[in-house]
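Chemist: Here's the letter readout for the chains.
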Amino acid sequence: MTAAPDHTPIMQRPPLAVRMEPWIPVLLVPALIAIGFLAVGNPTSWLTLTVSGLAMGMMIFVIASGMTLIFGLMDIINFGHGAFISFGAFVGVSVLIALGGMTGVPSLALNLLALLAAVLAAMGVTGILGWGFERVIVRPVYGAHLKQILVTMGGLIVAEQLIHVIWGPREIHIARPEMLKGAVTVFGATMEKYRLVAVVFGAAVFVAMRLVLRRTKIGLIVRAGVENREMVQALGYRIQRVFIGVFIAGSALAGLGGIMWALYQELITAHMGNEIMVLVFIVVIIGGLGSVEGAFIGALLVGLMQNYVAFVEPKAALVSNIALMVAILMWRPQGMSPVIKV
Amino acid sequence: MVRFLLSGDGPRSLVLSVIVGAIFLALALAPFLFPGTRSLEVAARIAIFIVLVASYDLLLGYAGIVSFAHTVFFGLGAYGVAIATSNMGRTWGALASGTLAGTAVAVAVAFVIALFSLRVRAIFFAMITLAVASAVAVLVSQLSWLTGGEDGMNIQIPRELTPAFRLETEVFGTRITGRILNYYLVFVSCTVLFLLMLRVVNSPFGRVLQAIRENAFRAEAVGYRVVIYRTVATCLSAGIAALAGALFAIWLRYVGPDTTLSSEIMIDILLMVVIGGMGTVWGAVVGATIFVLAQNYLQNLMKSASDATSALPLVPDLLNPDRWLLWLGVLFILSVYFFPSGIVGRLRARG
Amino acid sequence: MSDPLLSLRAVKTDIAQYHILHGVDLDVPRGQVTMLLGRNGAGKTTTLRTIIGLWQPHSGDILLDGENIARQPPATIARKGVALVPEDMGIFANLTVEENMTLAAVAGPIDQGRLDWIFSVFPPLRTFWKNPAGNLSGGQKQMLSTARAMIEERRLYLIDEPSKGLAPAIVSTLARALRDLKLAGATILMVEQNFKLAKALGDHAAVMDDGRIIWSGAMAELASDASLQERLMGLSMEHA
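Chains as they are written, first to last, in UniProt numbering: chain A, 1 to 342; chain B, 1 to 351; chain C, 1 to 240.
Hint data in this document are derived by calculation from the structure and do not stem from the laboratory.
Hints should not be assumed to be uniformly reliable.
[What the hints assert, rightly or not] Derived contacts from chain C toward chain A, CB cut-off under 7 angstroms, selection only:
no.: 1; residue: Leu54
no.: 2; residue: Pro74
no.: 3; residue: Ala78
no.: 4; residue: Arg79
no.: 5; residue: Phe92
no.: 6; residue: Asn94
no.: 7; residue: Glu99
no.: 8; residue: Ala104
no.: 9; residue: Pro109
no.: 10; residue: Ile110
no.: 11; residue: Leu115
[Claimed, not checked] Pairs of lysine-lysine residues, derived as DSBU-like cross-links and limited to a Cα-Cα distance of at most 30 angstroms, are as follows:
no.: 12; chain 1: C; residue 1: Lys199; chain 2: C; residue 2: Lys80
no.: 13; chain 1: C; residue 1: Lys130; chain 2: C; residue 2: Lys12
no.: 14; chain 1: A; residue 1: Lys217; chain 2: C; residue 2: Lys130
no.: 15; chain 1: C; residue 1: Lys164; chain 2: C; residue 2: Lys12
no.: 16; chain 1: C; residue 1: Lys199; chain 2: A; residue 2: Lys217
no.: 17; chain 1: C; residue 1: Lys130; chain 2: C; residue 2: Lys164
[As the list claims (entries may be wrong)] Computed, partial: chain C to chain A, Cβ under 7 angstroms:
no.: 18; residue: Ile52
no.: 19; residue: Ala75
no.: 20; residue: Gly90
no.: 21; residue: Leu95
no.: 22; residue: Leu103
no.: 23; residue: Val106
no.: 24; residue: Leu166
Yeah, the Cβ is synthetic: ideal placement off N, Cα and C, and Gly gets one too.
Modelling step: build the complete structure from the supplied sequences, incorporating the hints.
Modeler: As structure tokens, then:
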């Protein structure tokens, strides 16, 4: 057997600007933090705001990651994603209230145990709801975007109303577990303990997701499916099962985000999911539909922006994020790191 | 004559013609047929929502664009009138300039959103409009120096349109008041706007829009600039929504975030379009009428049903009049699945 | 042709409202290379996609070793040992070469011996093993797509126009790889417009027109009869 001629193209080292290009979105986060420093002007406030911005960003990421994966893999825009946020919050808070004996005592172990129970319950219930939602609401309208938007919106309305039926029409206040109350002071800046926990937890979710997506076969199938569903099937994988799995996981992540948000605000309403979804949409769009990494960067940008601007000019917070979205779309019309071909 | 007014696109179904005719007559004679403040409120609301919903259908049903920012345009028209009258006093000039200014701003905003998001990706449009709508709602409730914030603004309208104004004449035994004149201002304007939209969707422009909705690639290939058509449709729809908003403000003599900008109103519009029938304009008439009537009268029924079943578990909660959106939501999902052409489509299919 | 590996019997496939296949009858003999020839739009790609289930036939039977696989989902058919190298190559551009190959090895971890063989016929895959497949050149993508099919022993290889748009040097690399595969006893059904390549690799030929098989027989017979070629395929064929 003769050796085949080598077709290796000459790999030239591209200029620095080209090699840096994929990293520009990543650099936007420190850039925004630096701009925030100049805008806020006061180092301790800036540190406090940065931490709460990151905490908020992490929670939005947890919610947005599921949404963006569901879109990437199945081409489904789920306007009902917000319902899972609300349901997660209500289920988790109910568990925390029921376990009041564990959350009210100053024992870190008991507090965390109660929190773990709440998280598992919230994710379990929203996962099951996601499974039902996929079967009943979404399945019949695969491939029809207009109907999808309408039907998932309808699902959102029904889910919100069901929360009213089950938990009553009032908002519910929830106290954080004893050991997560209060704040710590670092370099003169006060940081709520819970926000630090949220940052760490959100980062852990991101790392775990990345590991699953990069290092496992199921992750490979999901990433490949985002690019080319047909080929994944032709290689021998039942994409429908992967769809359902991702839909359930995405819904459970929204539920997780819901309980995290509940403890952040210490107040929950049936409508909270819908309110958060506005930021989630912005994140998903600027991150690039289908991209978990893009959603992560986008979420941090949105969370930081929201907090810095709210400090400088409270009225402009949401508008500033829309401006951020507009700016990023002007720069990259498909979002920062899209994986979907249009 | 009638055919000309309807642009040759009548209800095309006997049952539908009867229904639409009955609605038209009822609205035209509402002050005399249904005396009482409440029923006149309901009638005016129906007329305005028919226009608002039809203008939304222009986008959703004819152009295949899902927007969640329609309330923004509706609100711009309403706030235009409110801000103009609060600065210029209770004059006709203030009403006119407020209406025009509100409409112009609405068209401009629609133009920017359309140019921007229709260019990027169709599916972004729904998400971007949703974000814009909630940002506007937040802004309006915060900029209280201009908009009255959460409290909204009371609107001073010319005396001739207020209940305090009374004519000597009586028609069918009813004294003509400014309130009735105001109603007819609403009714006539809405009729004109509705006929105008009927004309638009049956014009060559409307047919191109439908071709784009069916297959954007083919329309583009045949030589139509899809983006331009969609942008014009978005602007037109926004302008008419703003006019409806101005009428709503003049009629209510009040504007606030809850009456024009809330996401509840947006959901109402969606429900009306889908239940009435997307892409038919006539669907707006049926959808808005049924919805507004249900909103005003069905809730009483639910309350009595809820009270009657109070001994049962959960059922009274489900039948609670505050939960009526639950049932509408279910109805909405079922309509999208099984009757995507809505009531009007069903009636027409039966011939 | 007494015991073909794959038999299509009166297979009809519609795509949207269009009838594409009007009743295809085709036998693919075991351990040999069958070339599917014909004009553009004759239904060759649709035939391959119908066999692996990416399009569902609305009638007819597709027998793989006697078992009817028509209307089974593509994943099930693929797991029975049918591999597709699609016309557009179906590369996952955001995945590395390694990840593309790992996915293609459905049965388990990649067999090192087979991988070494693949590296020997397609050296660039070794060079760019850890690089995103999207960065490969067109020819290298075709190599990757073919290698994905070769990474496990399959009962049937469906290969759709591998030479399309490639430089002659790369076409000959591919031809060598496919000849290796053939020598290893593989059953291949291949769509090819490059008649020279088809003639060199093919044992059998089937010619399609307007959604039907209009001729089938030995490749040598078709190759030696210019007037038959002319009649079956018109002038659109590249003559050798």
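Chemist: Please name the hints from earlier in the document that this structure breaks, with their numbers sorted from lowest to highest.
Modeler: Checked against the structure, the hints that fail are numbers 9, 10, 11, 13, 16 and 24, while the rest are satisfied.
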